[in-house]
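Engineer: Top to bottom, those sequences are chains A and B. Going by our numbering, 258 is the number at position 258 of the first sequence; the sequence numbering is gapless. Going by our numbering, 11 is the number at position 11 of the second sequence; the sequence numbering is gapless.
Do not take every clue at face value.
SDA-like cross-link-like pairs, simulated, lysine to any residue; straight-line CA separation at most 20 Å [stated by the list, open to error]:
#1 K44(A) / P130(B)
#2 K44(A) / I57(B)
#3 K230(A) / T305(A)
#4 K210(B) / I364(A)
#5 K275(A) / Y260(A)
#6 K4(B) / R48(B)
#7 K394(A) / P176(A)
#8 K210(B) / F129(B)
#9 K44(A) / H138(B)
#10 K131(B) / F42(A)
#11 K210(B) / Y260(A)
#12 K210(B) / T305(A)
#13 K79(A) / K210(B)
#14 K131(B) / P281(A)
#15 K210(B) / K275(A)
#16 K79(A) / Y237(A)
#17 K210(B) / K204(A)
#18 K394(A) / A230(B)
#19 K210(B) / N389(A)
#20 K394(A) / S133(B)
Because the hints were derived from the structure by calculation, they are not lab data. From a predicted model like this one, the values you see are computed outputs, not experimental measurements.
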Amino acid sequence: MTKKIVIDPVTRIEGHAKISIYLNDAGEVDDARFHVVEYRGFEKFCEGRPFTEMAGITARICGICPVSHLLASAKTGDKILAVTIPPAADKLRRLMNLGQITQSHALSFFHLSSPDWLLGWDSDPAKRNVFGLIAADPDLARAGIRLRQFGQTVIELLGAKKIHAAWAVPGGVRSPLSPEGVAWIRDHLPESRATVKMALESFKKLMGSLTTEIDKFGHFSSLFMGLVGKNGEWEHYGGQIRFTDSEGNIVADGLREDDYQDYLGEAVEKWSYLKFPYYKPLGYPDGIYRVGPLARVNICSNFGTPEADKELQEFRARAGGVANSSFFYHYARLIEILAALERIEQLIDDPDISSQRVRANAGINQLEGIGVSEAPRGTLFHHYQVDENGVIQKVNLIIATGQNNLAMNKTVAQIAKHYIQGTEITEGMLNRVEAGIRAFDPCLSCSTHAAGQMPLHVQLVGSDGSILSEVYRN
Amino acid sequence: MSVKTLTINNTPVAAEEGKTILEAAKEAGIHIPTLCFLEGVSTVAACRMCLVEIEGINKLLPACVTQVTEAIVVHTNTPKLQEYRRMVIELLFAEGNHVCSICVANGNCELQNLAIEVGMDHTRFPYRFPKRSVDVSHPQFGIDRNRCILCTRCVRVCGEIEGAHVWDVAQRGADAYIVSGLSQPWSEVEACTSCGKCVDACPTGAIFRKGTTTAEKQRDRAKLQFLVDAREKHEWTR
Ligand code: SF4
Ligand code: SF4
Ligand code: FES
Chain A
1 MTKKIVIDPV TRIEGHAKIS IYLNDAGEVD DARFHVVEYR GFEKFCEGRP
51 FTEMAGITAR ICGICPVSHL LASAKTGDKI LAVTIPPAAD KLRRLMNLGQ
101 ITQSHALSFF HLSSPDWLLG WDSDPAKRNV FGLIAADPDL ARAGIRLRQF
151 GQTVIELLGA KKIHAAWAVP GGVRSPLSPE GVAWIRDHLP ESRATVKMAL
201 ESFKKLMGSL TTEIDKFGHF SSLFMGLVGK NGEWEHYGGQ IRFTDSEGNI
251 VADGLREDDY QDYLGEAVEK WSYLKFPYYK PLGYPDGIYR VGPLARVNIC
301 SNFGTPEADK ELQEFRARAG GVANSSFFYH YARLIEILAA LERIEQLIDD
351 PDISSQRVRA NAGINQLEGI GVSEAPRGTL FHHYQVDENG VIQKVNLIIA
401 TGQNNLAMNK TVAQIAKHYI QGTEITEGML NRVEAGIRAF DPCLSCSTHA
451 AGQMPLHVQL VGSDGSILSE VYRN
Chain B
1 MSVKTLTINN TPVAAEEGKT ILEAAKEAGI HIPTLCFLEG VSTVAACRMC
51 LVEIEGINKL LPACVTQVTE AIVVHTNTPK LQEYRRMVIE LLFAEGNHVC
101 SICVANGNCE LQNLAIEVGM DHTRFPYRFP KRSVDVSHPQ FGIDRNRCIL
151 CTRCVRVCGE IEGAHVWDVA QRGADAYIVS GLSQPWSEVE ACTSCGKCVD
201 ACPTGAIFRK GTTTAEKQRD RAKLQFLVDA REKHEWTR
């Protein structure tokens with residue numbers, strides 16, 4: 001008789017999802033699935049709206065990373081206007097994205113994931129969250145919170161204190177950074193850098209004791225995809241798409257977002273609302289690829305900033321070249337924060353950042369536009385079709401979490417197979433399965449769920465549909 | 001012209017005959033919330049925000065069109081009026097499709113301001129979610145009927161100040177909506193001079209400048225007043 005274990009909802013991720021673990025007769029894990037059970041229909045209800053509103057609408061998809069949608073949407077809008085935006089606007093948008101990467105990665109690393117390895121996988125779930133972390137290691141927790149605040153303030157200084165306001169608009173941005181803003185950022189950079197370095201040092205020390213996790217948390221071959229700059233350097237906003245394989249070979253390079261339908265396919269499975277994108281030339285599901293921090297760090301030739309490049313060398317040495325373990329997402333996230341801070345430092349010294357020429361005006365010059373940007377979680381595509389008046393006819397959004405869908409399923413299955421044996425299922429085992437998902441920092445919806453506050457419901461379901469046992473975690 | 005004396009909220013007020021209670025209150029520094037009222041154009045008393053209580057009269061009267069009479073005792077802010085005003089705003093929100101968070105007028109919207117003023121934190125009426133159209137065919141402006149509250153300010157400002165009479169109200173009751181020309185796309189209405197006065201007059205985000213995004217709408221109300229003064233008082237400077 002087959003049994004099914006359901007983890008619903010998955011905690012400490014953004015949104016609502018559920019994991020089912022299927023056991024065979026011997027009580028061994030047969031397969032595991034990561035379901036996204038929410039359906040939000042954003043693409044549908046954008047239809048009929050003026051395309052200029054898209055930045056504002058799509059920014060609402062997510063309360064954690066509105067900036068990512070804002071930027072992808074603005075870039076798509078640029079295409080519809082058929083303009084090249086002023087150089088200052090380009091730099092300002094970059095600055096905002098770097099602030100976003102910093103705050104989002106800090107949230108994922110410090111608040112959502114570090115309780116697992118700092119407090120212990122099997123520790124009391126009621127305390128295994130950011131509050132427990134504050135109690136156990138107040139300095140680290142506080143530094144993490146302040147680092148996130150730094151990133152958020154960078155965004156606020158640009159977006160005039162309105163996180164959701166459509167500051168990035170088709171054609172550029174609404175306003176430059178004020179001299180006070182520059183001064184604030186300059187003052188607070190050193191502390192933020194010190195925090196990342198401290199986190200990097202302690203994470204590296206911890207890694208020695210996490211060899212099983214590194215080995216079992218989604219350690220497999222796949223492609224990696226992301227944007228890289230002209231010379232293959234790390235990118236987060238511009239550049240072109242690159243695919244590399246698990247050995248670090250470049251599979252495809254210089255791909256344009258406009259052609260995404262040529263190289264990306266989107267499969268649909270009836271048990272999840274999330275689509276399954278794959279690399280078309282390899283087909284489905286062999287075209288599995290990962291996006292996000294791990295992918296970006298794997299595909300780039302270098303960061304182009306001294307400290308991040310030093311860390312990159314060490315990262316590659318520790319991973320043995322290409323990091324194929326999804327556990328390295330956490331490590332990659334820290335290095336990306338460092339790189340973001342270094343780039344922020346360069347940008348605020350650029351005189352363009354306070355230029356008043358930040359917005360190009362134009363009418364509807366193209367009826368279709370595709371924009372791409374790197375969200376903290378990975379590559380984000382927006383694709384709009386409009387009529388001659390700029391009213392949206394069709395929208396397609398390819399989000400990072402979707403692109404990691406295949407990899408997340410594989411990760412869950414791998415962890416479940418390793419940690420769940422026999423019929424006794426401990427909370428700690430289930431937490432590891434969830435942690436595998438958390439490594440990807442999936443963002444399933446628009447809502448922030450406070451850490452540790454979501455109840456966990458586990459069901460053991462027999463093949464006839466009867467519930468054999470049930471565990472609640474409140 | 002004779003002068004009438006009356007009491008508004010226990011304050012004795014004197015006003016010329018023919019003035020409205022709204023004007024008299026304004027001169028006395030007493031605030032009465034309004035929505036469809038717009039200085040410089042005719043009054044229609046469509047929204048019922050400005051309702052006041054007059055002692056001895058058994059129904060509520062709109063201050064924007066009710067003229068002052070001798071010795072009346074007016075109350076502008078009784079619990080009953082507060083409740084009615086709140087209900088008016090709630091009904092307006094339930095009637096259209098107001099998604100403030102992505103609206104061009106967010107933070108600069110008279111409907112939103114009134115919602116705050118009357119303390120509306122939710123609406124007690126079920127939302128209608130009507131299907132309404134968006135017309136962005138005009139090269140400079142757009143109208144999103146989802147946000148229209150049928151105050152007819154655009155109709156009046158266009159007809160009475162600009163003299164173009166592009167706008168009108170079509171249908172009746174719950175089906176009523178604002179049309180341009182003979183229910184044509186705005187871009188096809190030759191009468192439109194693209195002056196933009198309707199953008200300045202519209203209290204919500206229903207009529208807007210194209211290309212503006214969330215919370216970006218600005219209005220030049222002083223322009224409307226200037227035009228009225230220029231015409232009526234021959235004041236040609238602003
Ligand atoms: S018009 Fe005013 S009330 Fe309506 S959605 Fe816009 S801001 Fe909100
Ligand atoms: S479009 Fe604006 S001004 Fe015209 S009736 Fe509607 S809300 Fe009033
Ligand atoms: S302002 Fe008097 S009824 Fe609208």
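Engineer: Taking 20 Å as the top limit, are the C-alpha atoms of K210(B) and N389(A) close enough?
Structural biologist: 10 Å, holds
Engineer: Are the Cα atoms of K131(B) and F42(A) separated by 20 Å or less?
Structural biologist: Holds, at about 17 Å.
Engineer: Between K275(A) and Y260(A), is the straight-line Cα distance small enough, at 20 Å or below?
Structural biologist: At roughly 15 Å apart (the allowed maximum being 20 Å), Y260(A) and K275(A) satisfy the hint.
Engineer: Given the proposed pairing of K44(A) with I57(B), does the C-alpha separation stay at or below 20 Å?
Structural biologist: Status violated; Cα separation ~52 Å.
Engineer: Does K210(B) pair with Y260(A) here, judged by a C-alpha cut-off of 20 Å?
Structural biologist: 30 Å, violated
Engineer: Can you confirm whether the C-alpha distance between K230(A) and T305(A) stays at or below 20 Å?
Structural biologist: Judged against 20 Å, a Cα distance of about 15 Å means the pair holds.
Engineer: Does the alpha-carbon distance linking K131(B) and P281(A) stay inside the 20 Å limit?
Structural biologist: Roughly 43 Å between the alpha carbons, so the hint for K131(B) and P281(A) is violated.
Engineer: Quickly compare the C-alpha distance for K44(A) and P130(B) to 20 Å and report which way the hint goes.
Structural biologist: Answer holds: K44(A) to P130(B) is near 17 Å, not above 20 Å.
Engineer: Holds or violated: are the alpha carbons of K210(B) and K275(A) at most 20 Å from each other?
Structural biologist: 34 Å, violated
Engineer: Measure nothing beyond the straight line between the CA atoms of K210(B) and F129(B); if it is 20 Å or shorter, mark the hint as holding.
Structural biologist: 24 Å, violated
Engineer: Within 20 Å, alpha carbon to alpha carbon, are K210(B) and T305(A)?
Structural biologist: This hinted pair is violated, its Cα atoms lying about 41 Å apart.
Engineer: Could you grab the alpha-carbon distance between K394(A) and S133(B) and see if it respects the 20 Å cut-off?
Structural biologist: With Cα atoms ~17 Å apart, K394(A) and S133(B) stay inside 20 Å; holds.
The structure is inconsistent with the numbered hints 2, 6, 7, 8, 9, 11, 12, 14, 15, 17 and 18, although it conforms to all the rest.
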